[in-house]
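**Student:** The chain contents come next:
Number of protein chains: 2
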Amino acid sequence: MKYDVKDIFKEECIGKEVIIEGWVRNHRKQKEFGFIDFSDGTCFTHLQIVYDNLINNFEEIQKIKNGSSICVYGQIVKSEGKGQNIELKAKDIKLLGDCPDDYPMQPKQHTREFLREQAYLRPRTNLFQAVFRVRSVAAMAIHTYFQTNGYVYAHTPLITANDGEGAGQMFQVTTLDLEKIAKLGKVELDKDFYGKKVGLAVTGQLEAETFALAFKKTYTFGPTFRAENSNTKTHASEFWMIEPEIAFCDLNENMDIMESMLKFVVKYVLDNCKSEMEFLDKFVEKGLINKLTKLLNSKFTRIDHEEVITILKQSGIKWEFEPEYGKDIAKEHEKYITEYFNGPVFIKNWPKDIKAFYMKLNEDNETVAAVDLEVPGAGELMGGSQREESYEKLVNRMKELNMSFDGLDWYLNLRKYGGCVHSGFGMGFERLLIYLTGVDNIRDVIPYPRTPGNCEY
Amino acid sequence: MKYDVKDIFKEECIGKEVIIEGWVRNHRKQKEFGFIDFSDGTCFTHLQIVYDNLINNFEEIQKIKNGSSICVYGQIVKSEGKGQNIELKAKDIKLLGDCPDDYPMQPKQHTREFLREQAYLRPRTNLFQAVFRVRSVAAMAIHTYFQTNGYVYAHTPLITANDGEGAGQMFQVTTLDLEKIAKLGKVELDKDFYGKKVGLAVTGQLEAETFALAFKKTYTFGPTFRAENSNTKTHASEFWMIEPEIAFCDLNENMDIMESMLKFVVKYVLDNCKSEMEFLDKFVEKGLINKLTKLLNSKFTRIDHEEVITILKQSGIKWEFEPEYGKDIAKEHEKYITEYFNGPVFIKNWPKDIKAFYMKLNEDNETVAAVDLEVPGAGELMGGSQREESYEKLVNRMKELNMSFDGLDWYLNLRKYGGCVHSGFGMGFERLLIYLTGVDNIRDVIPYPRTPGNCEY
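These protein sequence lines are chains H and Y, in that order. Each position in the first sequence, counted from 1, maps to that position plus 14 in my numbering. Each position in the second sequence, counted from 1, maps to that position plus 14 in my numbering.
No wet-lab data here; the hints were simulated from the structure. Don't be surprised by glycine CBs; every beta carbon is placed ideally from N, CA and C. Just so you know, not all the hints are guaranteed correct.
Stated by the list, open to error - Here are some chain H residues pointing at chain Y (derived, C-beta under 8 Å): (1) G164; (2) I173; (3) K200; (4) Y462.
My request is simple: use the sequences and hints to build the entire structure.
**Tutor:** This is the structure:
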């Protein structure tokens, strides 16, 4: 009977005869027998296959190369060797798909840079078997958290005429022929697919608010785009975001949700990716599992931005960037503050001028009910706010910022038609993955990353 | 204590005192008392609130308008009225957010066309409370099916230089200034964000295959784009697709998976959206629940395309489009064939010339191992195929079709590096939703639909 390797490890299989199909990760040949390090991709742990010269076609089998796909029939036996409890004693091995000697994924240490160039083959390595399975399981954790807690999953549009963050770093989307524009010397926007200038969404928040004001609790989980020309370890031009929005929810309740969601996801991944997390703990970030377990047991600190600045100023440290009241904080400050409190910190009530237009203005008229979550070892992991529920204040703020009201009347109307206190937050999925896996470059947690100048596959 | 209405209906609540926050869907006032049809969006069923003139601020409360948000404190009591078992006897009602008289969502029948124009408010109507909750629950059903069965969720790229289907209906994505192109009279592609021409993905299949050949079982679930200028009930330019890919899986096993997934999702939605489905059955498609229940109990027929043509030809029917061997079939044929077999039908082994380049060529050299699933009342719901695993045959087919090999070397290499029999399929999520909800226009199952000339919100 055909088996997934995952099930062979799960069940009590000793003595059972099985058929498995998968790939040769490493083939060690000796004169009278051989060992195949075998993976079918269904679990992180490989199965060792042993065969000896009593098998049919022993000589042919010895020629099977790394990377080939094979079908093996044999019996599960207790392993005498180190590093595994069971192995497969092969009675028959068939080559399904050959693999040439110049196969790039030979069983040796490859640099991450090399693997990025072979992005389509890297899921076959231990590192990316771990990272992309954690990615998949973490995605399921997020859906499970929100659906179990009564949130409606909203698919907000990707092509949009709105620049939600007012950041202006949008990709344009068009069906106009650029060469023809050059030739004609004019842009006929009325002939474009949507008859106007549109681009790729930088956020789904504004549309998600319309769902929150109908379903009370909603979340998005989808791709987001930024045409930002940054070549850093944490920036990609295409990434996935989670954006929950909750009606009748103030900033404090918002923080409750942020904390409970993060803990749920971390626990879910630790529970469901044991082998992967052990591998990452051993080879990528020493202490990873401890770090995450500690988070589960932390009570997150909640502190005003102003107090944070005071703590930073009183620290006696010579900062690269001097902390200032009313200003943003730098990476070094984030790091210090999580160490100071020895755990995750919600920094709340930020100066309005460094935050987005839709955040609720506090009574001091200077700060907004915004919050960033800083976690030890990763810095900012999420950001959120209570949304401005007052029509007048929102309009005033948009005027102050010289924002156009074009195409945002519906957003303003949410405040007129049964508006209410509501809040939400955003979490970059890749930022979470960097934190969960210890892998420090966003290019290594996305299957096919897009960065300036890079759009392969 | 604050309650979600959902929990009030779920728990044995009679006698309990609760606080609820939500919206007035309809306010019926009488001289000495009033009824509020109340929804907080957490479940489909509304809660009736009753109050009488002994309540504080009776006169103020009587002025509360439809659409307003309110906070109510009261006691859950058995209802004397028709249509509900329990109601809330209010002891205190506070207005949170007012709503003007010209609020568009008054409690009366609105046309779907009108509601499309008010897309940001339509989630507040019964129809869209039902449709968008089914959408959310169906999405969870899909994730649950695949994750429970060991599939890895792959986020394939949305911005891509590949035209996966060879269909050429891609949106272009650019950071070049079109006005500047017109002025300069030339397109400086090297200055574009990715340094080359890129567009929005029409499929994630090719990249998903790279995951299947590493993880054995993978699926995508994400947005897809087609710049197709069709204004039909079933076409949108932005929609969500599910694309599973499975290694060591032939066409027959592929059909097993298609059938089991569809049945799982249908059952999950029927189980988890009882009130919504009853509403849709009553007001949108009579017999909807029966149709779906029947599907669950059907064994899907499997039949070759050629045999289908024979059946159509022998039917004695005067067709609008004459069925022909070697050609595609029309909507009327799809309908007939599901009625003929009285259930879902897999039509397999299609003429190669009407199918995609990557489908496995059968030994007859004329057909490919492709399959479409036709379901009663909806026509084609999914399409899939065994993928061509032979490097030579794939290259030959691409040459026959004059396809460029540019940027597809990695896809071909999958056949060289431990290739194997593998299969997959695609399902348009909105097509599934149309089938599940009975709502017949794709514009009404997407929160903010994009069609030619339409890109609001």
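**Student:** Evaluate each hint against the coordinates.
**Tutor:** Do the hints match the structure? See the list:
1. Satisfaction of the interface hint for G164/H is found here, the shortest Cβ-Cβ separation to chain Y being roughly 6 Å, below the 8 Å cut-off.
2. At a threshold of 8 Å, the smallest CB-CB gap from I173/H to chain Y is about 5 Å, leaving the interface hint in force.
3. Look at K200/H: its Cβ gets to within about 5 Å of chain Y, closer than 8 Å, so that hint holds up.
4. The restraint placing Y462/H at the interface with chain Y holds, with a minimum CB-CB distance near 4 Å, inside the 8 Å limit.
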